[in-house]
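Asks: Required output: the full structure, derived from the provided sequences and hints.
There are 2 protein chains.
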Amino acid sequence: MSKEMESFREQVLKLTQVGIALTAVHDLDQLLEMIVREARAFTCADAGSLYLREGDSLRFAVSQNETLSRRLGPDGEDRLFSPFTLPITEHSIAGYVAVTRKNLNLPDAYAIPREAPYGFNTSFDERNDYRTRSMLTVPMLDHRGQVLGVLQLINATAPDGEVVPFERAREDLVRSLASQAAVAVHNARLTAEIKRIHLDTIYRLAMAAEYKDKDTAQHIRRVSNYSAALARRLGWGAADVELMLYASPMHDVGKIGIADAILLKPGRLTPEEREAMQHHTTIGARILAGSESPVLQMSELVAYSHHEKWDGTGYPRGLAGKAIPQAGRIVAVADVFDALISKRVYKGALGVEETLEILRKDAGTHFDPEAVEAFAANMDENLAIRERYRDEEKAAPAQPAPASG
Amino acid sequence: MSKEMESFREQVLKLTQVGIALTAVHDLDQLLEMIVREARAFTCADAGSLYLREGDSLRFAVSQNETLSRRLGPDGEDRLFSPFTLPITEHSIAGYVAVTRKNLNLPDAYAIPREAPYGFNTSFDERNDYRTRSMLTVPMLDHRGQVLGVLQLINATAPDGEVVPFERAREDLVRSLASQAAVAVHNARLTAEIKRIHLDTIYRLAMAAEYKDKDTAQHIRRVSNYSAALARRLGWGAADVELMLYASPMHDVGKIGIADAILLKPGRLTPEEREAMQHHTTIGARILAGSESPVLQMSELVAYSHHEKWDGTGYPRGLAGKAIPQAGRIVAVADVFDALISKRVYKGALGVEETLEILRKDAGTHFDPEAVEAFAANMDENLAIRERYRDEEKAAPAQPAPASG
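Sequence order for the protein chains is A and B.
Count along the first sequence from 1, add 2, and you get the number used in my numbering.
Count along the second sequence from 1, add 2, and you get the number used in my numbering.
It is worth saying that the hints were derived from the structure and are not from the lab.
If you're wondering where the values come from, they're calculated on a predicted model, not measured in any experiment.
A portion of the hints provided could be inaccurate.
You can't tell identical chains apart in this list, so a pair holds if it fits in one copy or across any two.
To be verified - Only pairs whose alpha carbons sit at most 30 Å apart, straight line, appear in this in silico DSS-like list of lysine-lysine:
#1 214 with 267
#2 104 with 324
#3 267 with 349
#4 345 with 267
#5 267 with 197
Replies: Set out below in structure tokens:
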């Protein structure tokens with residue numbers, strides 16, 4: 003086998019490995035960064051960008067620049083990145099590639115032939131004291147042949163550090179990498195959509211379960227997000243934090259089994275009624291029990307344990323301390339915080355300081371002290387969540403309108 | 003560029019296209035067939051098989067054979083296929099490849115060196131009067147390097163029809179195709195798992211919504227499956243049939259908003275109570291409204307319209323004929339069929355013939371006549387669904403145990 007062929011063969015096998023690695027990444031942001039990083043490594047490019055198609059525009063989604071990030075330090079690259087969109091026309095380089103679906107391999111971005119429809123925008127270079135020279139821009143075509151985005155590689159670098167043109171012989175391979183990347187992006191979006199829909203379903207049905215109750219749809223969303231944020235603060239990994247986001251909305255699903263006469267009673271409950279009301283924890287756990295779904299498994303745990311207290315005086319089992327599942331201890335704090343700080347028909351809202359004081363006073367008796375401290379330390383994020391899911395923007399079922407009877 | 007290199011290059015680009023196509027298929031069965039088909043096309047192989055790893059075994063999952071399917075006609079290939087599993091040991095060819103993770107390229111399966119640990123099982127050839135000669139077997143390694151299965155290609159065929167050995171020079175490419183296939187299989191399984199979990203969540207929360215009601219968890223599963231089967235019979239595409247499977251369980255979710263005094267009343271409802279009860283359609287639609295999820299969109303439609311009647315005497319809107327969404331007409335038939343044929347506390351079960359007679363009598367007044375006829379034509383499948391989700395195997399919340407009050 004010739005040496006040229008041997009080297010080509012190695013590149014191909016490398017490319018397949020890259021394709022496989024990309025296909026296995028399901029987080030879109032992570033995937034986009036990885037596409038540019040791998041494409042740069044494959045072509046020894048100093049810099050690279052990725053544009054995603056959104057309707058008739060290209061959105062600048064990723065930018066990496068080795069020279070500038072070395073010059074500016076680890077955070078410098080982020081400062082360089084300013085999002086913008088381009089119309090898909092032949093006037094810009096990325097637009098031209100999206101329209102024509104052809105590769106564009108420029109030896110020098112400052113020496114574009116006069117007759118070309120596109121021009122190079124030098125503002126980035128001027129702002130950052132950078133010199134763009136060679137540039138390879140390829141379309142990202144998905145499996146249906148649609149342009150999903152544009153990949154742009156900048157300043158191919160020879161082993162001696164000199165900037166050289168991108169090899170013609172590799173163009174096909176880069177184009178093929180961009181297409182594998184496009185399908186991976188398509189898949190990541192599908193996964194994200196399925197997840198979004200799954201969460202929407204959980205929220206709606208959790209809301210439905212509280213249809214007759216005083217709680218609002220926004221209360222469910224807030225508790226879900228407070229709980230996830232608190233779990234993260236307590237050191238949970240990203241996958242478990244996501245589980246918590248999905249599982250916590252269902253913590254009160256067992257209220258569905260509580261008689262109207264108790265659930266909707268305006269005054270104080272009698273001891274017998276209070277006991278009946280407490281069954282919402284076990285009813286909820288029974289509704290959610292025995293599933294293969296990790297989300298439902300965690301929600302069962304939360305439904306069962308979110309009314310246990312740190313000192314063992316809670317229900318349904320009177321568990322104490324770390325014998326209470328941590329997921330339940332987390333939701334207990336998030337749920338009570340939101341109840342105290344929110345205005346309800348039967349009570350006014352407390353201020354943030356006052357609410358925190360109550361939680362802290364009850365840390366060690368009602369609440370897990372570690373969870374309360376982490377929650378307090380996370381207060382900026384909590385208040386942002388509260389702002390984002392305000393009660394004013396109620397979804398339809400938040401206003402209970404049970405049939406009369 | 004040399005001719006050899008040019009041809010290699012073409013193969014590589016073809017291979018990438020195959021990888022992209024595979025990655026875009028999310029249905030596992032379809033994907034497995036496509037992997038074997040594409041790998042055969044790529045190597046001009048007369049036959050091919052795919053084994054999937056399951057614990058310590060390999061399960062024979064796909065078998066394709068051009069010669070035999072031509073000889074036996076379109077259904078013949080199916081008759082040839084008999085599922086079996088192999089232990090993962092070095093004694094079989096597929097097992098050897100799974101254990102060693104090496105390619106095995108045999109010029110003739112009947113001329114295996116005496117010292118090889120594996121042997122060729124000739125029973126398929128004898129049974130089908132086929133002659134296996136050349137055979138290329140490669141492991142399917144996923145992105146984590148784990149053996150997900152084994153791909154086996156049989157009888158590479160030259161343009162003149164002669165069986166020849168598989169080219170050594172292509173082994174790497176076939177191996178790489180098998181790995182791209184492995185990641186695609188991994189992704190298809192992930193998607194299937196997410197969907198299964200999504201359906202489980204929908205079932206549980208639909209069950210929860212009927213917690214106090216007389217309906218059982220199995221009733222919800224049966225109506226879901228009858229409705230999907232009926233939609234298929236009426237010519238809906240696979241994706242819409244799946245939507246129906248997911249959407250129909252939620253048709254009564256609005257019962258959550260009905261007061262206990264009406265929902266649980268043992269005797270006959272007064273006209274006022276009946277009217278209040280009818281609100282479960284609009285309450286359900288409101289709970290499900292305004293989602294981006296196609297499943298929730300369809301379930302909103304079904305919740306709203308499953309009590310409309312063909313002659314316009316139904317509720318809530320009194321729509322008639324084809325003005326009623328077809329999804330609602332489908333669920334109406336499935337829901338009433340299951341109610342009639344099932345035993346409840348307050349009534350005995352009717353027989354199949356008697357139930358069908360009622361549906362047919364009410365076709366054109368209550369029911370869409372086309373839906374009733376399609377449902378009747380589908381009775382074998384309906385009875386299989388009924389058998390599969392019998393009331394005896396009740397899930398936990400099927401036995402209502404509301405707190406007293």
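Asks: Which earlier hints turn out false for this structure, listed by number in ascending order?
Replies: Numbers 2, 5 - these are the hints that the structure violates, sorted from lowest upward.
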